[in-house]
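Line by line, the protein sequences give chains D and P. In terms of my numbering, the first sequence is residues 1 to 438. In terms of my numbering, the second sequence is residues 1 to 438.
Some hints could be false.
[Said to hold, decoys possible] Computed beta-carbon distance windows for the label pairs:
{"id": "1", "chain 1": "D", "residue 1": "Ala-193", "chain 2": "P", "residue 2": "Gly-347", "range": "28 to 38 Å"}
{"id": "2", "chain 1": "P", "residue 1": "Glu-5", "chain 2": "D", "residue 2": "Glu-259", "range": "28 to 38 Å"}
{"id": "3", "chain 1": "D", "residue 1": "Asn-122", "chain 2": "P", "residue 2": "Ile-26", "range": "27 to 37 Å"}
{"id": "4", "chain 1": "P", "residue 1": "Ala-123", "chain 2": "D", "residue 2": "Ala-193", "range": "29 to 39 Å"}
{"id": "5", "chain 1": "D", "residue 1": "Asp-51", "chain 2": "P", "residue 2": "Ala-370", "range": "52 to 62 Å"}
{"id": "6", "chain 1": "P", "residue 1": "Leu-380", "chain 2": "D", "residue 2": "Ala-27", "range": "29 to 39 Å"}
{"id": "7", "chain 1": "P", "residue 1": "Gln-186", "chain 2": "D", "residue 2": "Ser-177", "range": "27 to 37 Å"}
Hints are computed from structural coordinates only; laboratory data are not their basis. Cβ coordinates follow ideal geometry from the N, Cα and C atoms, glycine included.
Protein chains: 2
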Amino acid sequence: MAEAEPLKVALLGAGVVGSQVARILIAESATLAARIGRPLELVGIGVRRLDVERPGVDPALFTTDSAALVARGDLDLVIEVIGGIEPARSLLLSAMEHGASVVTANKALLGSDMAALSHCANANGVDLYYEAAVAGAIPIVRPLRESLVGDEIRAVMGIVNGTTNYILDKMTTAGLSFDVALNQAQELGFAEADPTADVEGHDAAAKAAILAGLAFHTEVRREEVFCEGISRVTETDIAAADQMGFVVKLLAIARLTDEPDARVIVKVHPTMVPKTHPLASVSGAYNAIFVESRDAGQLMFMGQGAGGAPTASAVMGDVVTVARNRLRGASNDMQTGYTTRGVAPIGDATARHYIRFDVADRPGVLAACATIFGDHNVSLQTVQQSHLEGARRQAGFEARLNVMTHEASETDLAAVVTDLHLASFVGDTIDVMRVEGH
Amino acid sequence: MAEAEPLKVALLGAGVVGSQVARILIAESATLAARIGRPLELVGIGVRRLDVERPGVDPALFTTDSAALVARGDLDLVIEVIGGIEPARSLLLSAMEHGASVVTANKALLGSDMAALSHCANANGVDLYYEAAVAGAIPIVRPLRESLVGDEIRAVMGIVNGTTNYILDKMTTAGLSFDVALNQAQELGFAEADPTADVEGHDAAAKAAILAGLAFHTEVRREEVFCEGISRVTETDIAAADQMGFVVKLLAIARLTDEPDARVIVKVHPTMVPKTHPLASVSGAYNAIFVESRDAGQLMFMGQGAGGAPTASAVMGDVVTVARNRLRGASNDMQTGYTTRGVAPIGDATARHYIRFDVADRPGVLAACATIFGDHNVSLQTVQQSHLEGARRQAGFEARLNVMTHEASETDLAAVVTDLHLASFVGDTIDVMRVEGH
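Work out the full structure, taking the sequences as your base and the hints as a guide.
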């Protein structure tokens with residue numbers, strides 16, 4: 001039997017993830033060939049600079065002309081692990097227009113422009129796979145796209161950023177302040193020198209957009225994701241949550257509003273989660289995605305959300321699947337027939353809320369506060385009043401209220417906070433945190 | 001545009017799962033049609049008896065002649081939720097020979113005869129999907145078969161039987177004996193009147209065979225799975241595990257022996273798992289699958305392992321995928337090019353072991369015991385000696401030893417136990433439990 005013609009593969013990027021992908025393509029070529037039914041041939045690696053030591057890879061493979069590489073016209077598959085919007089976007093569009101299927105780990109690009117990429121894949125009859133773009137090694141795209149496609153997903157809540165999970169973990173277990181925990185994370189290499197994208201939730205928001213699109217069969221753009229980071233989370237927040245049986249996690253949340261005309265709520269914010277909830281025990285740099293659906297009920301997926309080898313694992317799973325599709329002559333258009341739901345304004349999002357503020361300790365004040373909540377249709381689940389002492393005490397405001405509301409909309413809650421601020425018997429600082437999970 | 005010809009679907013079984021599948025096929029037909037790109041038409045439901053009330057389903061659909069139903073010749077898809085080997089096996093083979101793709105939730109059948117079914121699917125160019133057969137609603141088949149197909153799975157460990165997990169949970173949290181916990185589970189409907197298949201591990205063993213086959217790209221039969229149930233787990237075992245920082249779980253375990261000629265270890269047994277391990281906190285009727293792979297590292301998948309709606313969710317995910325494959329004219333032969341690895345004898349399996357036995361409390365005894373372990377190449381991690389009092393004490397054997405070994409083979413460990421039994425300074429009862437996870 002003649003040796004079958006190999007499938008031609010180009011790799012864009014040779015950094016932390018790219019070097020692992022190259023390693024697997026080279027070292028595991030026999031296994032991959034057996035699983036695909038045809039060998040893969042790595043024909044080129046697009047890089048920014050050639051003067052970098054890259055052991056184990058034939059130097060002749062590297063090129064700085066990625067645009068020419070993806071436009072060769074004989075490629076079966078292009079793997080993109082550069083990250084960022086450009087030049088990744090142009091390169092992938094060109095690759096697909098030249099007939100290649102695409103595997104990408106680029107969350108920023110998919111979060112900002114899934115529509116154009118999907119459309120280009122469909123128009124050219126090629127595959128666009130991106131398991132590695134959300135939650136690293138955790139298989140979540142196939143479960144949402146395929147395993148649960150006969151079900152109705154109600155909500156997706158994910159710990160999708162390891163840096164913030166590490167920082168919140170340290171604040172919780174070691175009682176550190178945000179600044180000290182961030183410094184430790186930076187020293188250990190868990191946080192970048194400029195940590196903005198992580199701690200302000202931008203990275204999580206890009207992933208939230210992708211998750212919401214997968215879960216609800218619609219297109220969601222990064223700009224439509226409500227986003228609040230963890231830089232304003234205080235030790236007091238963490239301690240108060242702990243005392244009430246909660247931990248604080250930065251969650252990416254996507255859910256539907258009630259029918260009819262269900263729209264997508266999609267948001268990233270620090271969240272109080274009951275200690276008994278499966279997400280509460282996901283610690284350190286691990287990621288986890290929690291899914292609630294009509295028939296399957298509650299599901300959780302946990303694993304490493306970043307790192308070269310874990311991300312490469314997800315990339316390679318896509319590579320094998322796309323290569324098999326290629327051999328069968330069938331691209332797997334999983335977006336067919338999807339509905340277009342709008343994204344609801346954040347004001348329509350509902351959640352339980354925890355609110356902490358100080359009040360004057362005199363008769364009638366508690367009733368006046370309760371009236372403010374009631375005026376805006378926010379009903380109270382628990383109210384806890386404690387007497388403040390010493391340094392924690394602000395002149396005229398001797399009592400602290402810890403309030404847990406029932407489910408209330410962001411709009412109603414904001415109106416409550418405004419009215420509390422205007423009330424003479426309420427101190428200046430009003431802290432609010434959203435609560436999820438049962 | 002003319003209405004597209006619907007895909008014809010037959011359902012075998014209308015019990016707990018079947019009635020949920022029928023409900024979804026009927027109530028969600030518009031959504032399913034949108035996701036598939038073509039409507040599904042339920043053309044018949046094979047049942048044993050017609051004289052059963054089945055509200056919401058057109059009575060004309062039911063037939064007791066399932067053999068004729070699957071042999072119609074115009075079916076696109078047959079869904080089998082009868083369970084058991086026959087007549088399910090013959091019906092599915094006939095369905096595939098008549099050109100229909102198959103979705104099944106039948107773990108017993110797949111655990112005993114995956115080879116014949118896979119071969120029949122390939123020979124007839126149809127799909128065989130079975131997400132619901134392992135761990136109910138938890139998406140595990142696609143993650144193992146596709147997401148991790150570019151990686152190397154090292155081990156799979158699963159809590160795949162809700163009944164035994166519930167019983168062990170009750171023994172742990174409420175201090176119940178096995179018999180009392182089993183009775184409670186039966187009263188609550190979590191255990192069958194004849195609980196043998198669950199408590200003796202047979203159900204878990206069938207799932208272990210399927211998981212091992214998926215993880216290691218080979219065929220494993222139920223008869224090749226080493227199987228030990230939980231009926232001999234005592235309150236003392238649970239308490240001793242707790243005291244050492246472990247919980248007891250019934251695990252289905254599949255891993256490879258070392259290269260070269262790596263073979264599959266596949267087994268089901270009560271296992272001590274560290275309390276810090278992700279599997280330790282999976283409680284009640286939940287299932288979970290823990291995966292270790294070369295590149296992805298540690299992953300865990302958690303969800304409901306049984307029940308009508310959760311199982312139907314997994315079935316319907318397969319139905320949509322198979323229907324899409326059908327429309328593309330491409331069956332998804334995911335078994336291509338797989339290797340055939342043998343199953344290793346259980347004696348080759350290695351694990352840490354916990355051993356508890358009573359000894360005479362006199363000088364030299366501990367050294368003599370240690371010598372027995374050393375003679376069989378079993379090295380000790382910790383030895384804890386305690387003095388027995390009152391009723392717990394057997395004449396002549398006043399001290400209890402709690403021993404934790406390093407990794408040792410079952411063969412070596414069995415030799416140790418035999419020699420301990422022969423030693424005059426060791427009491428009659430020697431309790432052993434395997435330990436997994438770090």
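Hint check against the structure, violated hint numbers in rising order: Hints 1, 4 and 7 are the ones this structure does not satisfy, whereas the remaining hints hold.
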